[in-house]
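Since the structure of chain U is already known, use the hints to place chain Z on it.
Chains as they are written, first to last, in our numbering: chain U, 1 to 470; chain Z, 1 to 190.
Note that these hints are calculated values from the structure, not bench results. Remember, predicted model here, so these are calculated numbers, not experimental data. One or more hints might be untrue.
Capping the alpha-carbon separation at 30 angstroms, the derived lysine-lysine pairs in DSS-like fashion look like this [as the list claims (entries may be wrong)]:
#1 U:Lys283 with U:Lys315
#2 Z:Lys184 with U:Lys6
#3 Z:Lys184 with U:Lys170
Spelled out from the first residue to the last, the chains are:
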Amino acid sequence: MANAPKTMFEKVWDRHQVSAETADTPAILYIDLHLVHEVTSPQAFAVLRERGLPVRRTDLTLATMDHSTPTRTEQVFGGAPIAIDSAAKQVRELETNCAAFGVELLGLRSAQRGIVHIIGPESGITQPGKTVVCGDSHTSTHGAVGALAFGIGTTEVGHVLATQCLLQRKPRSFAINVNGKLRAGVTAKDLILAIIGKIGVSGGTGHVIEYRGDTIRAFDMDERMTVCNMSIEAGARAGMIAPDEMTYAYLHGRPRAPQGADWERALERWKQLPTDPGARFDKEVNIDGAALEPMITYGTNPGMVVPITGAIPVKKGDAVFEKSLAYMGLEAGAPIKGQSVNVVFLGSCTNGRLSDLRSAAGILKGHKIAKGVQMLVVPGSQQVKKEAEAEGLHKVFIDAGAEWRESGCSMCLGMNGDLVPKGQYSVSTSNRNFEGRQGVGARTLLASPLTAAASAVCGRVTDPRELMNG
Amino acid sequence: MEPIKTLRSRTVVLPNTNIDTDQIIPARFLTTTTRDGLGRNLFADWRYDAQGVARPDFVLNRPEAQGCQILVAGRNLGCGSSREHAPWALLDYGFRAVISTEIADIFRNNSLKNGLLPVVVDEGTSRWLQENPGAEVSLDLESSTLSLPTGARVQFPMEAFSRYCLLNGVDELGFLRGRMDQIKAYEQRA
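Bound conformation, chain U alone (with noise of 0.2 angstroms):
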């Protein structure tokens, strides 16, 4: 039937097929904006040197630095080096490869670089509708503007910069519907914590998640790409959220961004993305926002997370469990809060934006971050960074005694030596929790920027209420 109900993501996915799939092959998707790294590139761009292709459309990609990128202020703008010999390699490669195929490069000293899942939002290039690709798992980030955003690997890097296209399955589709108005010191973070706890770690695996209901639709910009962001960690393809008038306010303007008639008429098409009512989804979950607390990961995936008041479960006989356990040094039963903490990062792809800037300074001003503890805060981008300086918010954060750094992915993953020391304890606003994520025997637990700031300042695992209500 042609005019049957459709889903955002079905919208966006039909409008992109250069051909559809059949039993023998997939579809060829043809992808609207391409999003190059430093990490995952390399091994691409040498594969188009082998077979001496181009890069095929130049302006629909668009590379920066981020992974291995130093935070520190003299290696990004001169006076020492960058400390990891092999990390200024693979950044002097991608400039080598930007220049040598004449693809646009946001490089290690442009006011425009940062993480990749921030700076293409803020710039108004990620846009509804569009299908976004990254050689990246977390740019499902991207979908909170409506748009279909996925993470590929390095082979399907080489695809899209030599053809423009990847050839993909169609997943299916999985709505989340969160209603119910979040209580105070409960935010994105901690929903999307939740559901991954709902679902699992592969609840989401085949599947991309449209998140609807009320409590969505209240989430600014930033909130909905913390949500979407973290789709991934539910293993789920992709995470949309569908555009509505907060996503066109937050686009306009932007310097990337349709501007005069082509904004009007991209608005036109932009309004027809929403899912038609009646529309079908192969999996649907129900979420009471408004019985939601802050959350906080207890062990070695985000899936393993608990209300912040609550208890470490006990698993009596699964060995993985306690493993994990061990690994993070906790007892089955014993409560979260309370828990001593060494290191609390701030920044990364899911909670760098200003808006968890200002909730984690609004937290820590007229206070000092408890002796011992080491603080990093690392802007999500270089105009994330302006715009906290701006505001005094870095003022805030050196005063309470935490280090602001440049901008990038830092202690997220710890490529580039932002390292949480062997079996310290770091409260990470960040999006894994994996073993040895954030250095050799570091023991991360996963949390929002409120909880983060409030473990900071009493150094140990906090719930942020305490601190909002005195």
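Same frame as chain U, now just chain Z:
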């Protein structure tokens, strides 16, 4: 990509569930600009102690694991980061197939594109494999069948196009480039 039609090998079993790609190849080894040599650091933080000495109790370090080409793992293998360095590391080490009850999407895609066979089996088969480490099993890609030494034959799902590419060592870029007229026509009408 090397074609793969059949594979007969003993298995190595890592029963952990949710083995993420950060475990398969930790991020600090990703500042490489080539695909080579990653096998040395496969499962680095499980395989070596802080001094870089092989831990004798880790399964890959045991004598009976040497030469095994099939890795059996717990549910949801390869979750997390999209790093293709994960299948590169597995292949460089010498694995040609991974078996689990569930394999994460991006890791599965990346494996298929490099000739590492991702095999998804039912709970019962997985349990048998986990209880019988070192079992000599065969994989036949053409019929998408896993044969156990018990005589059991288990079908596994394999998308038709991926199977074609794996069997023939064809890479998808060649296929896509062969469709350039269609791609250009799409660009004209879009």
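Checklist entry - Among the hints numbered above, which are violated by the structure, and what are their numbers in rising order? => result none
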